[in-house]
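> Here is what each chain is made of, one letter per residue.
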Amino acid sequence: MSDRPKTMFEKIWERHVVREAPGEATILYIDVHLVHEVTSPQAFEGLRLAGRRVRRPDKTFATMDHNVPTTDRSLPILDAIALKQMETLVRNCREFGIPVFDLNSPDQGIVHVIGPELGITQPGRTIVCGDSHTSTHGAFGALAFGIGTSEVEHVLATQCLLQLKPKTFEIRVEGERPKGVTAKDIILAIIGTIGTAGGTGYVIEYAGSAIRALSMEERMTICNMSIEAGARAGMIAPDETTYAFLEGRRYAPKGKDWEKALEIWQSLPTDPGAKFDRYLELDASQLEPMVTWGTNPGQVVGVTGVVPDPSEMPTEDERKAAERALEYMGLEPGTPITDIPVDRVFLGSCTNSRLADLRAAARIVAGKKVHPRVRAMVVPGSQHVKKAAEAEGLDKIFKEAGFEWREPGCSMCLGMNEDILQPGERCASTSNRNFEGRQGRGGRTHLVSPEMAAAAAIAGHFVDIRDWL
Amino acid sequence: MQPFTVHRGLVAPLDRVNVDTDQIIPKQFLKRIERTGFGQFLFYDWRYRPDGTPDPDFVLNQPRYQGASILLTRANFGSGSSREHAPWALLDYGFRAIIAPSFADIFKNNCYKNGILPVELDAAIVDHLFQEVWNHEGYELTVDLPEQVVIEPNGTRHRFEVNEFRKYCLLNGLDDIGWTLQFEDLIAAYEAERDALPT
Ligand code: SF4
Chain Z
18 MSDRPKTMFE
28 KIWERHVVRE
38 APGEATILYI
48 DVHLVHEVTS
58 PQAFEGLRLA
68 GRRVRRPDKT
78 FATMDHNVPT
88 TDRSLPILDA
98 IALKQMETLV
108 RNCREFGIPV
118 FDLNSPDQGI
128 VHVIGPELGI
138 TQPGRTIVCG
148 DSHTSTHGAF
158 GALAFGIGTS
168 EVEHVLATQC
178 LLQLKPKTFE
188 IRVEGERPKG
198 VTAKDIILAI
208 IGTIGTAGGT
218 GYVIEYAGSA
228 IRALSMEERM
238 TICNMSIEAG
248 ARAGMIAPDE
258 TTYAFLEGRR
268 YAPKGKDWEK
278 ALEIWQSLPT
288 DPGAKFDRYL
298 ELDASQLEPM
308 VTWGTNPGQV
318 VGVTGVVPDP
328 SEMPTEDERK
338 AAERALEYMG
348 LEPGTPITDI
358 PVDRVFLGSC
368 TNSRLADLRA
378 AARIVAGKKV
388 HPRVRAMVVP
398 GSQHVKKAAE
408 AEGLDKIFKE
418 AGFEWREPGC
428 SMCLGMNEDI
438 LQPGERCAST
448 SNRNFEGRQG
458 RGGRTHLVSP
468 EMAAAAAIAG
478 HFVDIRDWL
Chain D
53 MQPFTVHRGL
63 VAPLDRVNVD
73 TDQIIPKQFL
83 KRIERTGFGQ
93 FLFYDWRYRP
103 DGTPDPDFVL
113 NQPRYQGASI
123 LLTRANFGSG
133 SSREHAPWAL
143 LDYGFRAIIA
153 PSFADIFKNN
163 CYKNGILPVE
173 LDAAIVDHLF
183 QEVWNHEGYE
193 LTVDLPEQVV
203 IEPNGTRHRF
213 EVNEFRKYCL
223 LNGLDDIGWT
233 LQFEDLIAAY
243 EAERDALPT
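Keeping their order, the protein sequence lines are chains Z and D.
In terms of this note's numbering, the first sequence opens at residue 18 and continues consecutively.
In terms of this note's numbering, the second sequence opens at residue 53 and continues consecutively.
Because the hints were derived from the structure by calculation, they are not lab data.
Be aware that a few hints might be false.
Simulated DEER-style distance windows between Cβ atoms [what the hints assert, rightly or not]:
no., chain 1, residue 1, chain 2, residue 2, range
1, Z, D300, D, E199, 45 to 51 Å
2, Z, S91, D, T105, 37 to 43 Å
3, D, T105, Z, T332, 33 to 39 Å
4, Z, G68, D, D247, 23 to 29 Å
5, Z, E191, D, D227, 46 to 52 Å
6, Z, D20, D, A244, 26 to 32 Å
7, Z, S232, D, T88, 43 to 49 Å
8, Z, K416, D, N215, 50 to 56 Å
9, Z, G410, D, M53, 50 to 56 Å
10, D, N215, Z, T352, 41 to 47 Å
11, D, Q54, Z, K416, 42 to 48 Å
Here are the simulated SDA-like cross-link-like pairs (lysine to any residue), alpha carbons at most 20 Å apart as the crow flies [what the hints assert, rightly or not]:
no., chain 1, residue 1, chain 2, residue 2
12, Z, K182, D, W231
13, Z, K277, D, T251
14, Z, K337, D, Q183
15, Z, K182, D, D228
16, D, K219, D, G230
17, Z, K337, D, P153
18, Z, K416, Z, P440
19, Z, K271, D, R246
20, Z, K337, D, D179
21, Z, K184, D, N215
22, Z, K184, Z, G290
All residues carry an ideal CB built from backbone N, CA and C; glycine is no exception.
Bound conformation, chain Z alone (with noise of 0.2 Å):
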């Protein structure tokens, strides 16, 4: 039985079990609890009113990014209320004796791109974070998902959490991605094909040649939204790429430590044989660059593309979901995803707002100037991010192009703090939600690749970014 070939998900979750019994949930270990300021009130408060301790500091990261301002730090917070929110976690961390890298930290940043910037994220962990991007760090082969505030309080107070065993979902993507193709584009086009519950109940697997050739970041992107395609989690094999990116940072083990991690790591991959619950594969080579055009990432196209007519959608839900969003999008069927002029750009987020995505952003605008209309900005995932890429004068870049070059923090992806669109405002915006009001009430969001994002606000308007290059 235990010669059986299993897959990675299968591996790392018995690695994890603390109890199985029957007509029970199990109850799985948590080796990392990421914590930021909006979703852990409530569970702190939890366990205060319970008198129970965290059971696990060490195990616990926390720091502030949902709700924090982008624009100069020496300034006072305005928004009271959310001055509040990052003081309590700042006073519960300080009381339950957890790690906090808060305003003032170097290492402060969105809590997604920080967990594996110091290595902190690493293959076969389990990890927990109160978002529901929190299947980022699957990049790494980590079993990470989101959880609520309730889940929150009980993995604080336990370590553990209750789960039910979910389906397993292998998408491979397979074949050479074309130029101007990234990886936002691929699990666009995945999202697309599946549809954003397609992957609900599973923890899904990205295999494949198009897969393997990702670097760490692209890896980041692709995990990251499989939440959006409905899956809690998303994991990718580890592999020297993996390794390469982890040896070296902070929380990374060092010397003899490390070279018994890697046997472990090495240990993690599916196994040849291994059975999923269900399968899809996607040719790279004909993917293009993505646009969406509705309100869920779902409804998305390729940039060559038009707005779809809702009455040829194949079912009578999907159509009046589509009429709904085109309503709300402001757009008509027929029209060329080119001819949508945009008035804002948002280059952010934890799907993409590392280095190596404003990099390529850079390379876009060096030397050109944002369009009149458009106000743009880069708001760096990290303090980390942000001072390497000053140290590679992507700000100067940037800054003269006409982007505003802001504070780290998820800023204008969800929009807690001020930078939120005006009603009808349309935006290019490299974060992972189109929803309705998501970035500001009766604000338009397309989601797009940092190239994208960076062609449309010089041109003003959706390009295809491959005649650029």
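Here the structure of chain Z is known, so what remains is to put chain D with the ligand in place on it, guided by the hints.
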């Protein structure tokens, strides 16, 4: 957590697919540090016009649905973020059960943790229930968790599936943390092994 056993209540029909958590509770209301008081912000951008007055066209603002405690809606309800503020807002507003053809995973999980029962019924049955609600003012349903059925006023029963552990927890209003801590010794034993590993 408030247990869930048998609930009878007025049904409100929300005829939209893929209702996401940003619609259920927009982010500007996530800054509170309490669990309560979110009901007033439920579906905020749909319930209220930009000037802050209620939008009479939105279903929850219609007089016939006041006091509804069962929400009837379409597929993939609750997609998007992990914010538990979404079920908190639904519960605080007064919803105890949500009926839909399907739910997003994290949202569904969050419902169970808060004593809200997510009921999955066939799309065709959901369709039929929508017709019934629209056609009959004051339409009520009974959601019977022990029996795992939704019962129409005329006695028609629709069976739904629910994981037996989740059912047990809901019926008993069980505190998950207390349950897990019964196995503290297992956790400690696991940790002793785990902590010896380099990663
Ligand atoms: S950047 Fe956006 S998606 Fe990512 S954690 Fe922040 S709010 Fe969530």
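> List, from low to high, the hint numbers that the structure doesn't satisfy.
Failing hints, ascending: 11 and 18.
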